[in-house]
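S.K.: So the sequences go chain by chain: D and Y.
According to my numbering, the residues represented by the first sequence are 1 to 488, in order.
According to my numbering, the residues represented by the second sequence are 489 to 608, in order.
In case anyone wonders, no lab produced these hints; they're calculated from the structure.
As the structure is a computational prediction, the values presented were derived from the model and not from experiment.
Check before you lean on any hint, since a few could be wrong.
Unchecked claim - Some, not all, of what chain D presents toward chain Y, calculated at C-beta under 7 angstroms:
no., residue
1, Val-131
2, Glu-134
3, Ala-145
4, Glu-155
5, Leu-158
6, Leu-172
7, Ala-176
8, Tyr-179
C-beta: ideal position from N, C-alpha, C; glycine also.
Next come the chains, spelled out residue by residue.
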Amino acid sequence: MDKLNLILLVPELLAVAAGIGVMLWDLWLPREKKIALSTASMVAAVVLFLSTFIPAVAEGGHAMGGTFLVDGMALLMKRAFAVTALFVFLISREYVEDLERGQGEFYTLCLLALSGMFLCASVNDFMSLFVALEVVTVSFFVLVAFKRRSTKSVEAGLKLLVIGSVSAALLLYGIAFVYGATGTVFFDELRADVVAPDFIVSTELVIGLFLIFLGLGFKTSAVPMHVWVPDVYEGAPTPVTAFMSVGSKLAGFVLMLRVLEVFGRSAAIAAELTPFLALIGALTLFYGNLGAIPQTNIKRLMGYSSIGQCGYILLGIAAAWTMGMSGALFYMVSYVFTNMLVFGVIVYVARATKSHDLDDYSGLARSNPMLCAAMTIGLLSLAGVPPLMGFVGKLLLLGSAFGSPELHWLVYVGLINVVIAMYYYLCVIKRMWIHDARSPAKPVAPMRVKIALGISVLILLAGGFAPQILEGLTAPAAAELGLPSRPR
Amino acid sequence: MDMLLSSPTLLASALASIGGEITTSHYIVLSALIFGVGLFGVITRKNAVVILMSLELMLNGANLAFVAFSRHHGNLQGQVFVFFIIAVAAAEAAVALAIIIAMNRVKGSVNLDDATELKG
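Assemble the whole structure, with the sequences as input and the hints as a guide.
M.R.: Next up, the structure:
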């Protein structure tokens, strides 16, 4: 327990090394050879993915004197983060190539953000939780404001900065209260303390946990801290939006799952948290899905859609039992492929049309039916249409909430929102297949992106027809978390 | 939720001990005030630099709470945490000032009311 056990940190150390390596190599490369950095980053993402399969790492355990934990959930999410980063590097190659300067910095910051996400998956005390979260957040401050001559990009960066810092302060104040109530910041001690028979659930502890979930809600775009999402998604460079909508959001969720896993063991704490999280989940669902309807900019639309999707995962988190955790993990993995599929298309359509208007998608089926089909499948999976992976995820999450009688209302809220979401996703699909083309631009995607999009489509179909494959990964990871295996 | 209403609040316990020595509750009330002043500043001020100062105030409110609780419990975890917060806050401030400078270059203003490109 008290050992350093550095071997478990190999993925994190490699990610930091890759980030710094890219930054240094950038200094030596002449302007016309910078494209090699893109290839290097893709290789790094693949190596990082494979590094989670090193036997000593895959076995799991504690490191750094018990402040770092590798369990099933950590491994699964690290793999999901590495795949996300690979996708981002695949779709950002052309975008970064066009930058006048800062190509190396772009990849460095992405890799450092990835190292922060890896850490988020493995935190086992509140200090590492805060530091890991801030590594991701501060990297994204810079990435969002990356086009520093563009008013939109800088404005988005400023908005993210203000709300991100406020939520970090709320999180810290919450942690201070939890520390005050329990006298420790280490999760291992807290896990033992909260189930002790003489443990008292004090007001400070409950206030602290509420503040912690509000602070983490900033990353996951849950309702009180969601206000930045549409603006920042619109203003940020599109590959960064893609990375943020998946990587940074799932980092927030994995931290929420971890905190819930630690404190949800105690039925008394769970009874305080469930109504709070259910309320946030319901508000998030309605805000995201109703806000998406009038949007005319595809990135804003995806911003609201991302708020809505966050609501479904909160359903499973609010239910706080093994099936909810398993459903949340399943949904998070499927979300990686679904959202990256949609953003893969958005990046290349925007490249051809130089704008992000929803009008650009009118008649996309005539100019590029393959991209259009890929986007359609991605949107249908986000909407939760049966043969696709997104449907199974929603089913698991709604089912887990249905398990506890006091959350039945939340299931109805979820079902109503499925219908609302279906409307605006189908509007985009209708525009692509039925409307006449408004712009003469013909979007094309390079071969490597076509292959990646094709694989994502296959995974979405496979996850829909044979969900037991992915469930075979998420269910044991969720069972390890130590929450009750029956609804409360 | 109902637990929040039924038990005595921190403020009440602090008021009860006025006249005696300075207890942990006093420090926590002070930290809550500092945090609240910071939050108020973030919400009401329009100048990005002043907002940054208010954010630092919020973080310092949290720092004070950590140190007070650390003394209360007699362990050092809270004090160590404060060092991490100070380091991260410095990194955050560096990035924040860079973004504010970039904003000043492209817009000629650091007023948040001028940040109106993105809405809808």
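S.K.: Any CB of chain Y closer than 7 angstroms to the CB of Tyr-179/D?
M.R.: With Cβ-Cβ at 5 angstroms, under 7 angstroms, it holds.
S.K.: Is the interface hint satisfied for Leu-172/D? The criterion is a beta-carbon contact with chain Y at less than 7 angstroms.
M.R.: Check passed: Cβ of Leu-172/D comes within 4 angstroms of chain Y, closer than 7 angstroms.
S.K.: Hint validation: Glu-134/D versus chain Y, beta carbon distance must be below 7 angstroms. Holds or violated?
M.R.: holds (5 angstroms)
S.K.: Taking 7 angstroms as the limit, does the beta-carbon of Val-131/D come near enough to a beta-carbon in chain Y?
M.R.: holds (6 angstroms)
S.K.: Once the shortest beta carbon distance from Glu-155/D to chain Y is found, is it less than 7 angstroms?
M.R.: holds (5 angstroms)
S.K.: Holds or violated: the hint that Ala-176/D contacts chain Y, with Cβ atoms closer than 7 angstroms.
M.R.: holds (4 angstroms)
S.K.: Given Ala-145/D was flagged as interface, is its beta-carbon under 7 angstroms from a beta-carbon of chain Y?
M.R.: holds (5 angstroms)
S.K.: Any CB of chain Y closer than 7 angstroms to the CB of Leu-158/D?
M.R.: holds (6 angstroms)
Violation of the numbered hints given earlier is absent; every hint is satisfied by the structure.
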